[in-house]
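One-letter residues, chain by chain:
There are 2 protein chains.
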Amino acid sequence: MSEHATHAAVLDAIRFDANGLVPAIAQQHDTGEVLMMAWMNRDAVIETLTTRRVCYYSRSRKGLWRKGETSGQTQHLHEMLVDCDGDTLLLRVHQEGVACHTGRRTCFFRAARDGGLVEVAEPLVSPEALYGHSHG
Amino acid sequence: MSEHATHAAVLDAIRFDANGLVPAIAQQHDTGEVLMMAWMNRDAVIETLTTRRVCYYSRSRKGLWRKGETSGQTQHLHEMLVDCDGDTLLLRVHQEGVACHTGRRTCFFRAARDGGLVEVAEPLVSPEALYGHSHG
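Protein chains in written order, with my numbering: chain U, 833 to 968; chain R, 833 to 968.
These are computed hints drawn from the structure, not numbers from a lab.
Quick caveat, the model's predicted, so the values are computed rather than measured.
Every residue gets a Cβ at the ideal spot worked out from N, C-alpha and C, and that includes glycine.
Hints are supplied without guarantee of correctness; some may be wrong.
Residues from chain R shown here face chain U by an in silico Cβ test under 8 Å; the list is partial [to be verified]:
{"#": "1", "residue": "V842"}
{"#": "2", "residue": "A944"}
{"#": "3", "residue": "V957"}
If you want the ones that stay clear, here's a sample from chain R, every Cβ over 12 Å from chain U, calculated [stated by the list, open to error]:
{"#": "4", "residue": "A856"}
{"#": "5", "residue": "T863"}
{"#": "6", "residue": "N873"}
{"#": "7", "residue": "R891"}
{"#": "8", "residue": "K894"}
{"#": "9", "residue": "E901"}
{"#": "10", "residue": "T906"}
{"#": "11", "residue": "C939"}
{"#": "12", "residue": "E960"}
{"#": "13", "residue": "G964"}
Chain U with its partners taken away, still in its complex shape (with noise of 0.2 Å):
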């Protein structure tokens, strides 16, 4: 049986937008905080299922996205979640280091407070050491 015919129950619940993208919320499994939001096609679900390790599309380098290629910080698929629409995922996982290209846990780290914005997160490394000399 191929992946895709093994992967196709979930692939028929997912509702993919008019441009084949479904947004993903990644959590980490065993804290509950929530890292970041992205999206997927059907390619990166089927690879992500797949291989465990999450992929992305990148609407901006329109292509795949390995999560943590260039960085080195994987995310470990647990669970893969469907809402009850089918237009959303949820993505339990294990997250090697930081979510964040700044170098913060996660990218949810500036909180509306006071009719402003405060940042109640510090960066755990330096996208310097992320990603080389360019961020990319």
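Chain R: place on chain U using the hints.
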């Protein structure tokens, strides 16, 4: 100072998409449970920050969607966070009752397991109890 001026820093940090919308993830603030994902427009963000009750934008009804207005299952805002590139919001909330129109606590109740989808949460209330005779 108007409410718009009060929330200007937050609104300026959000990159609304071509349809004027931004995805918003709702998470129960104390348990970490991811409840749902929906969309907000500018007015929904302002109303949510002003009233501290979560208001989305319904793409199907093309209007503001005050969560719980029909069902009583309101979401009280504890904190709104903006991600690193401003294109996703995380709402840390207190969810009254259930978030999902199926009567389940969370919309993410179908898990990809063994090549299929398995329901991992039961309804806590019936949709009829939430919405009366028809779901609307």
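Hint by hint, work out which the structure violates, then give me just those numbers in ascending order. 3, 4, 5, 7 and 11
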